[in-house]
Amino acid sequence: MKNDNLMKRFLAAEWSSLLILSLVMMAAMTIITPRFLNFDNQAILTRSLAPLLIVAFAQAIVIGIGQMNLAVGAIGGMVAVFFGGMMEAWGFPIPVAIAIGFACGVAAGALNGAIIAFSGINGFIVTLATLSIFKGLNLGVTKSIPFYEMPDALVWFGEARFGPFAAILIVPVICVVALAWFLKYNIYGRQILAVGGNAHAAELAGISNNRVTILAHTISGALAGVAGMLSVARLGVGQPTIGGDWLLASFAAPVIGGAILLGGHIPILGTVLGVLVIILIENLLVLYGVDPQYNEFFVGALILAAVGFNHWRSLRAEARLKEGKA
Amino acid sequence: MPPRPDAVNLNELLARIAKSAGLALIVGVLILIFVYGAQGFTSKFNLFNLTRNLSVAAVVGFGMMVVLALGHMNLALGSTALASVMIMGWVMKVAALPVPVAVGCGLAVGSLLGLLNGWLIVKTKLHSFIITLATASMFLGLVLIMFPGGPISDLPREFTGISKTRYFGWVSGMLLITLVAGVVLAVMYRFTTLGRQMLATGANPDAAELSGIPVSRAILLAHTLSGFLAALAGVMFTARQGSALLSTGEDWLLASFLAPLLGGTLLAGGYVSVVGAFLGAMLVGILQNGLVLIGVPDFWVEFVLGLTLLITVSLDRLRNVLAARRGN
Amino acid sequence: MTDVALKIENATKRFPGVLALDHAALELRPGEVHALLGENGAGKSTLIKIITGVHEPTEGTVWVDGEEVTFKSPHDAMDAGIGAVHQERNLIPRFTVAENIMLEAVPTKRGQVDYAEMRRQAEYWLSELDLDIDPDLPVQRLSVAQMQLLEIARALSLKSRVLLLDEPTASITEHEVQVLFSFLRKLKAQGVAILFVSHKLEEVFEICDRVTVLRDGKNACTNVPISDLNRDGVVAHMVGRDNALSDLGHRAPVDAPTKLELKDVSTRIGHSNVNLHAKKGEVLGFYGLVGAGRSELARALIGADKITGGQVLIDGKEAKISSVQDALRKYQMGYVSEDRKGDGLILAHSVADNIGVTIWHKIAKFGGFVTDTMQRKSVRGFVDRLEVKTPSLQQTLGNLSGGNQQKVSVAKWLAAETEILIIDEPTVGVDIRTKGYLHKLIWEVAEAGVTVLVISSDMPEIVAVADRLIVMNEMQVVGDLPNSRDYDEMSQKIMQSIVGASDLKESA
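Protein chains in written order, with full-length UniProt numbering: chain E, 1 to 326; chain A, 1 to 328; chain W, 1 to 508.
Keep in mind the hints are simulated off the structure, nothing from the lab. Even glycine gets a Cβ: it sits at the ideal position worked out from N, Cα and C. Do not rely on the hints blindly, as some may be mistaken.
[What the hints assert, rightly or not] Estimated spans, in silico, between C-beta atoms of each pair:
1) W/Thr108 to E/Ala103: 24 to 32 Å
2) W/Ala116 to E/Asn210: 27 to 35 Å
3) W/Arg231 to E/His200: 30 to 38 Å
4) A/Val184 to W/Thr70: 53 to 61 Å
5) A/Arg319 to W/Asp372: 23 to 31 Å
6) E/Arg313 to W/Gly368: 37 to 45 Å
7) E/Tyr185 to W/Val144: 29 to 37 Å
With these hints in hand, go ahead and build the complete structure from the sequences.
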């Protein structure tokens, strides 16, 4: 009886289908290519997983208030080269560079949020504009030349692994746990979800929509910055192109995970699994020696499948609700 | 005083003109600055190049504008263009069919992909952003799978010649294509049932539906048109490059939104300005061209474009707020 | 402590082109339930918005506990101890019941949200209201009635000394109403001042102590003890019968073939076995409480929602309507929405475009070409005939007053030359002059042979305008009454139909 109930609850959870999907994928890949379970491959997998996880949440938090942040990649890239530059050109110690880089991400996000809140201009347009502003700053200052001389400690951190897990995975784990706590137990985290769920009701309850907008974008900018710096550690190079290909995945993971663009809901587990599925596809292609660029197609198809699935599920739930009432 | 319902309100007419006039003035000032400040700006070669780039950019902007009219977006504009030109290149080069047939195939592919976007949006009732984000990467991925050999180069001279025609020695012949597209669009929005239906759908889809407008049809057609315009821009771009490149459409996202938004088209739907979108494309094109000529590195141009978008939209917003305050 | 909890004097609110509230006054004492009554558009919602800090009055003063206050935002009002339950739901769908109740004052412990304490406090308020709702349930899984009661629980949790309830019983069952009332009595005893806004006079007489009635933005009566009034007196204050509706004159009963007939129609929304018919040139009135399913039936009829069973006959032949386009083009059927801003009109577009929208396909030449001049030529007659006050046909519709907007939404269907016209709440939010005008227009249109279906929650209006009345309750037709146009007689009969139907349901 109790098991039955547990099973039902598991299946009712929005992330259950994703978990099954990723488990099936992993099982299939293990059978087809035993190399999949190889620690080297696992380390590659978790290493590419790490920055993307943070990127996905940088987007998810803004989706949570019903907006978008097209500039996640641009902020990530800008912070990444700034981070690299501080260490190579100015010889800053790593902790100082991290602190300044983090502050830079926070400032960029806060700027986005403040412009949106105070001008009342649609967040899409604002972040589209700041996307090119940040990207222009990044490329203009570096002239598109990467910083190659990264401190040894950073390079070591980027390459180290514990068994199958890349060491850098620790950063997204901390970020995701902190964010999950924040959204569940912190009053400002609750306010973000409240505004996303019903902005008018939240305003009436004394929650300032403007402040929440700025807060969500600031967190988004901070996470994007962290993801940028983590990418530098992962690649061992402060590359200006970091962040250039984040846009699709940043939306794909939360949407696959069950986020709705209208806001009010940030699926933590769903987003994590969404990133995992995306990385698994990429990994599958790598193992087969297929150009990883094909990944694009599958991620796109996955988004469509996921939104289609969610749409179908909500239709079914609605139908069931009506039946129940009749 | 008896109302005179048929009298066209002079103020409104002026406001309508003023909307584009402001942008035209900025473009004019910019031209003056570069004519005097940027060496080589007025050279025939540079002007030819400028008008050539501008005509492509304007069509890209039109492609976004027609879905913005609905309050939608088309993030797949770039990859639609890519798919169209690759197939056109294949038909032209590998299948060796006549150029007009190949171009026709390219435009048909674009329209079909646009139709697919529209169909998905109508069927799932989901936000066009997420649908076209997904299809954008699917189209791109499909092209990469279908064309592992990379770009298709050495396209026939008959085709590339489109981009080489020039009038008065400095006006690109492609500008003519753009102007025709613009006039057709302007006529559509101003003088046809279909255009009016699209705008009504964009301004208030529920009211449009309850007024007996075939809303789904309007959405399907607008997205098809968007796909067609994307393909047209791709064809023009390819004619200039001489080869069907895999990088086609890669960096169109900003440009496609810039032109219509600078021109006053609303993101929320229900209002478009074809002249505005053209002027917006002009502003972007001239800015890019002039800045490079006066020695601003390429990298900073994007920075300036982002800033331009932000400032223009803010000014527009400010004007509306002030107007509302006066209204009270 | 003074003996006046809330006092408003000279409250005036001017919107561009409309005087929504004209020197209105109201006084609330601790421990009373005070009814605020008035027809749609009388200024109730504007007054409520001033009390709750949504609007700042153009003129006028508000006192709370004898102290003059100005509310800049809803939160100011809340801080002053004014709790409100609005008509639209102000809940966060994915949050739990407990968190929604405690949204303004989330309990925390060491910087963390204290869910246990939140639950404990929420349970207290739920038990106070005698509500059997699981505090851990997400709000989106509740019924509409539960949500309503939840909002009251929330307003109370703020320890409000003034509680404003805007149509709290509109969508809850009789039993739930009694639960609510017994709770309101308890609050009264505790000295809470309650402002009760409702359309249902029975409830007002049951629970309220004093009454204030608004009409056309002015006080028709102010702070009158309920014992000094009877039902007729209240209605007289609300409609001001002497000036409102008596000049419509007489209309002979219609003797014409049946135009529209519904046989055992059921819909996806939940209507079942709806049977009715309307003759050519007849004005058929639809009365019912909010949620009776009148607008929903209209939407299904014009193809905006699905009809799942039965037959719709037009001119004696079965009509297949699968979209609004079908309804308009095949059967010349039109629907004037009650929600002008939402789905009735395109406020951002011009007057001409809003009227022309239904006829573009007709006036177009060469397979789809319509110029502004052609459009103006086609719509000008209707603008003139309906006396729409607009500086030009190209004027943005959103700039016109509510009354003129309503004229435009009728004009667009007249332009479409409909044979069956459904008008949903024809006079909501329009001034009294326009109201009389629209009533006359409905008759004129019917005189010309159009079958007009009028949906209205305004009983005096429906009694004055309709030739015959269909009474609906809970998605069913519960009465089909010939209209004698005698208000007292008809209002009795209508209420009997509704009450009789509910009784039948109870006993079943």
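Quick rundown of the hints versus the structure:
Here the CB-CB span from W/Thr108 to E/Ala103 is close to 28 Å, well matched to the stated 24 to 32 Å. For the pair W/Ala116 and E/Asn210, the beta carbons lie near 32 Å from each other, so the given range of 27 to 35 Å is met. Distance hint check: the CB atoms of W/Arg231 and E/His200 are about 36 Å apart, consistent with the given range 30 to 38 Å. Checked against the hint of 53 to 61 Å, the C-beta distance between A/Val184 and W/Thr70 comes to roughly 56 Å, which is consistent with it.
Our hint of 23 to 31 Å for A/Arg319 and W/Asp372 holds, since their Cβ atoms are close to 25 Å apart. As the Cβ distance of E/Arg313 to W/Gly368 is approximately 41 Å, the hint placing it in 37 to 45 Å holds. In this structure, E/Tyr185 and W/Val144 meet the distance hint of 29 to 37 Å, their C-beta atoms being roughly 31 Å apart.
When each numbered hint is compared with the structure, no violation occurs for any of them.
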